[in-house]
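A.B. asks: Residue-level listing of the chains:
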Amino acid sequence: MSVRHAILGLLAQKPRHGYELRAAFEAVVGGEEAWEVKPAQIYTTLERLEEAGLVTCVSDLGEGAEPARRIYALAEPGRQALSEWLAEGVTPTHQRDEFFVKLIVALASGESDPAHLIQTQRGRLYQELHDLTTRREACNPQTEMAQILLLDKAIMHLEADLRWLDIAEQRLEEVRRQPLPEPELRRRGRPPKGDKGSTYPPPVPVNS
Amino acid sequence: MSLIQTENLTKIYGAGEAAVTALDHVNIAVNEGEFVAVMGPSGCGKSTLLHLIGGLDRPNEGNVRIEGVALAEMDDDALTKLRRQKIGFVFQFFNLIPVLTAVENAALPVTLDGVKPSEAKKRAAEWLTRFGLGDRLAARPDQLSGGQQQRVAVARALVSEPALILADEPTGNLDTRSGDEIASLLRDVTKKYGRTVVMVTHDPRIAAYADRIIFLKDGKVVDETNLERKGAADQIASKMKEIGD
Chain R
93 MSVRHAILGL LAQKPRHGYE LRAAFEAVVG GEEAWEVKPA QIYTTLERLE
143 EAGLVTCVSD LGEGAEPARR IYALAEPGRQ ALSEWLAEGV TPTHQRDEFF
193 VKLIVALASG ESDPAHLIQT QRGRLYQELH DLTTRREACN PQTEMAQILL
243 LDKAIMHLEA DLRWLDIAEQ RLEEVRRQPL PEPELRRRGR PPKGDKGSTY
293 PPPVPVNS
Chain Y
111 MSLIQTENLT KIYGAGEAAV TALDHVNIAV NEGEFVAVMG PSGCGKSTLL
161 HLIGGLDRPN EGNVRIEGVA LAEMDDDALT KLRRQKIGFV FQFFNLIPVL
211 TAVENAALPV TLDGVKPSEA KKRAAEWLTR FGLGDRLAAR PDQLSGGQQQ
261 RVAVARALVS EPALILADEP TGNLDTRSGD EIASLLRDVT KKYGRTVVMV
311 THDPRIAAYA DRIIFLKDGK VVDETNLERK GAADQIASKM KEIGD
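Residue numbers (the numbering used here), protein chains in the order written: chain R, 93 to 300; chain Y, 111 to 355.
Bear in mind the hints are in silico, worked out from the structure with no lab data behind them. Since no wrong hints were added, every one of them can be taken at face value.
Computed footprint of chain Y on chain R; a stretch qualifies when at least three of its residues, placed anywhere within it, have a C-beta under 8 Å from a C-beta of chain Y:
hint, stretch
1, 209 to 216
2, 220 to 232
3, 244 to 257
Small disclaimer: the values here were computed from a predicted structure and weren't measured. A virtual CB, placed ideally from N, CA and C, is assigned to each residue, including glycine.
Make a model of the complete structure from these sequences and hints.
C.D. replies: Put into structure tokens, the structure is as follows:
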């Protein structure tokens, strides 16, 4: 996902200057803590979009003592890019789970008790769930339904993570009994003379 | 002083080979005004714990103290009296009487306890109004949604003005949205109205409303997470580690 498409969308709504764009972006994603974007990132993105001809920029001379500001507006190619992005589905990202890696490392190395890791993580997730629930409770359903929707999504994900922890806990012994995934060994360095074969398929590792 | 304290609370069902230890030397304390959730896999002893705290069942070993008074030293009459005065129960099924109105249902337990019906109805109407049912006092259960019926059941538990509410899967029979409403209402019962709530649930979403979660497994407390203190979860985790090492 990109900040650039969000910027295009916000400019499709109306022309804005950089500072305003950042504030609008934060409002959409649910606050600074949900998705922090530094001002520099907004400005570099805007520059690139301008170079690519997706947005246009005019200088606002500022009234009275106000300094001049650069106001950005959506150009036709930008509208095209936006509509292409909107039309596509989004592939969910479930990989690169740090906790999963921790659990497997703990199992493989014996450096930590996996059951403790699960308990610690469960405490973390419940704390997070509690905080999100409190925040959602504070939202006004008459005016802040978009925020509620976003919080509900995060809450549902946490619920799934907690359920997964229960399953992991139940299957810990089973995972422990099974061999952990090992990479197939590849010979390193220059192949010995006479061996012109590639390293694919890799040689079958010899059981030690 | 804690409102509830358990000391080595142990409950065994059956005998000999077939004996099942539902609770195994459980020591917990619940403070006044606290909202505590009890969680754990099915068969972990959650409901047994709630029943023993509420004096609905007797332990094989150990004790429950409510406001410092040991339940084990009470005879059945004294226990019944304590249950009626100090404890309100909320269950998964609302068990409202179909022919009675919301206010009559909520007033029923204290009416049976000898409070004048007019006074009982006045108190019931007050609780129902606090729970947003002020305009549904004369509705019968079949005219109320599941969430509304459960609110009547919570009001019914509070009409005797108990210090403690014990709730066993109070949202188990409700859709997500009504479940959230009931959990939020139980939170209000502790935060706005100063009662203590101990709730058994298997639903993480509902447990997240509590101040503290007690985790049971195989009849033992395996963890506690204090949600109201930031960073508490991490503290507890590192403490558990110390104990474990």
